[in-house]
Every structure is written in structure tokens, then in C-alpha cells.
Amino acid sequence: MATRSVKVFRGLKGENDKWAAETRAFLKEKKVIMINMIGSPGCGKTSLLEAVAARTQGKLSFAVLEGDLETTRDAERMAAVQVKANQLLTGGGCHLEARLVHHGLKDLEPDGLDFVFVENVGNLVCPVQFDIGEAAKIGFLSVTEGEDKPLKYPFLFREAKVAILTKVDLLPHLDFDVEACVEFIKRINPKIGIFRLSSKTGEGMDNFMDWLFKHKK
Amino acid sequence: MDAVVEELGRLDPPPAKLEKVRVVVGVFRQIVPDYLTFAYETLSKGTPAEGSVLDVVQAPAKGKCGDCDWEGDLPIGSYACGGCASVNLEITGGTDLYLESLEVEDGNTQR
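Chains as they are written, first to last, in our numbering: chain R, 1 to 217; chain P, 1 to 111.
Think of the hints as simulated: they come from the structure by calculation, not from any bench.
Ideal Cβ placement from N, Cα and C applies to all residues, glycine included.
Careful: at least some of the hints might be erroneous.
Claimed, not checked - Per label pair, the in silico range of CB-to-CB distance: (1) R:L171 <-> P:G66: 33 to 39 angstroms; (2) R:K217 <-> P:N88: 27 to 33 angstroms; (3) R:K152 <-> P:D34: 47 to 53 angstroms.
Said to hold, decoys possible - Okay, derived cross-link-like pairs now, DSS-like style, lysine-lysine, Cα gap no bigger than 25 angstroms in a straight line: (4) R:K200 <-> R:K84; (5) P:K64 <-> R:K152; (6) P:K64 <-> R:K7.
Unchecked claim - From the derived model, a few chain P residues whose C-beta atoms are all more than 12 angstroms from chain R: (7) A3; (8) T37; (9) D69; (10) G72; (11) D96; (12) E105.
My request is simple: use the sequences and hints to build the entire structure.
Written out as C-alpha cells, the structure reads:
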């Protein structure tokens, strides 16, 4: 009985990437920019969306896909500020996958919108590896999480186009070294854009809104 | 798993047994080899791949410097050029994810 090795060389990206490609094509047809927001639970993703909703000045339109294990609480927060949102529930999964996002996106009927923001499941790890068809990832880090997190979770900050440092209003109460954090982020990804802001006080929000206004089609 | 079973089904003549499956996984993929081999053991049960072993080969991170001629392996956690320490790097290796080969045992063809 002979043993032989058969070369195959077959890509393993699979089903997820097929759905991501379909989503990308759909977004291109509708001329909508989809942003994938990734960060730990409680880092301020939903709060940022509430702060953006208050500052669109009628010049920018968006809808949201909220990702969580359970509850519709985040989608309800969006509804409370008149933002159309669909809640995507994984029921236990630690990241959103392209198929679920695709169906949620189509159901949103995003025609005529500038942006769809996908608030991924709170998690600095898994969502990074699952392409959901987005135009860009934004990596979130709150100042309560420690300035060395970019080094400890480099894959997110490597992939993201933008990093947002949230809750800067808390800095006087913390030992967080902002300049070290910025340096760590740039060490992982020198091309990344960095915003420092507080959704609560509005500090830094103007800069982020300008970025959104500039990038809408 | 589907890819393995599909490729196995394509072999002509069909082998007697699948011994080993080699996959190449780049270090940027956040895939932990032990987790993958554990999952493979479970998922291969009841399929033609049952009993085979998964061999995970990690493809290293590689970079090419935009500022000097350096091209080479990147140590874990480093995104700086090994030549001039610039961070102006293009990642040229480490994002691989593919099924490289199947090691099969052919049947005894003597009649």
C-alpha cells in the first residue's frame, strides 16, 4: 500500500467571503458606504452613533445594523434618536458574519443613504477576521481600557482605516497615557487616522463629523 | 471540512484511506492551530475524512519596505522594516489560508 501526497492548493475563505462579496456589490449599486465598528463591549460604539445622530445638520443620512448576542436594546437606542436600525442577534456568536449582515442590510433598504454603520458584537478579537463587505473598519478603544491595548490586540488596529479613542472626558480621573497610546497605534499601522473624542461632552466630535462629511459620496 | 471532502472525492482513482490533510494558515489570520486540529477531529467524524490527521503549517508574516530594499520575515508583534526600522511596510506574507495537500493511501491494486 503506497502513500502519496496530492497537492491541492485550494483557498479556504469559504461561505463568509462569498456573502461579503455580494454585500459589497449591493452597496456599490446603492452607492452606500458601510463602516464596520469594532471594539470591546462598553467602549462607546452606540454612544458615538447617538452623538453622530445629533450632529448630522441634515447634511448626512445613515442607518445602523446593531450586532449583539441578545436583546434589542441598542436598536431601541437608535430608534429613540430617530435612526433607522436593524438588530442582528447572534444568540451566542462572538462576531457578526457576512450572511447575517447581508440579510439585515437588505431589510434596511438603505437606498439614498450616505452610510450604514454596523456596530459589531463587542469584541476586539474575532470580528476582525470576518469580512462583512464593509468599506472600512473603525477600531475603538476607550481611555478606561489601558494605553497598551493596540499592542495586545494588533490585528484590529492593523486592519482599521481609523482608530477612535473614546471617553476622553474621563482622562483627569485616569493614568491613561494618550501620547503613548497614539504611538502604539501608529507603530502597528502608520497610515491609520486617529480621533480622540467624548460622545458625552462633544469634545473632538467636530473633527469626526468633518471626516464623515468629507467621505460621504 | 467541505473542501477536504470535496477534494478527496475528486481523486481518481479513489484512495483507500485519507491519512493526513495539510493546511497553510498565515499568522495574521488569528487561527490557533490547536483549536483547528481539535475542531477537525470532531468535524471529520462521519465523513470520508474520519481518522485522518490535520497538519497545520503556519505561514510567517513577511513584509516589504517602502523606504529601502528590505524584504523578509517579520517577528511576532513587529511591523517595522528589518533593514531601516521604517514602519512604511507592505505585508507580503502571513495572510494565507488554504488547503495545501492531502496525503492518501492507495488501495492494493493487485488482483
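Sort out which numbered hints this structure fails and list those numbers smallest first. 3, 6, 7, 11 and 12
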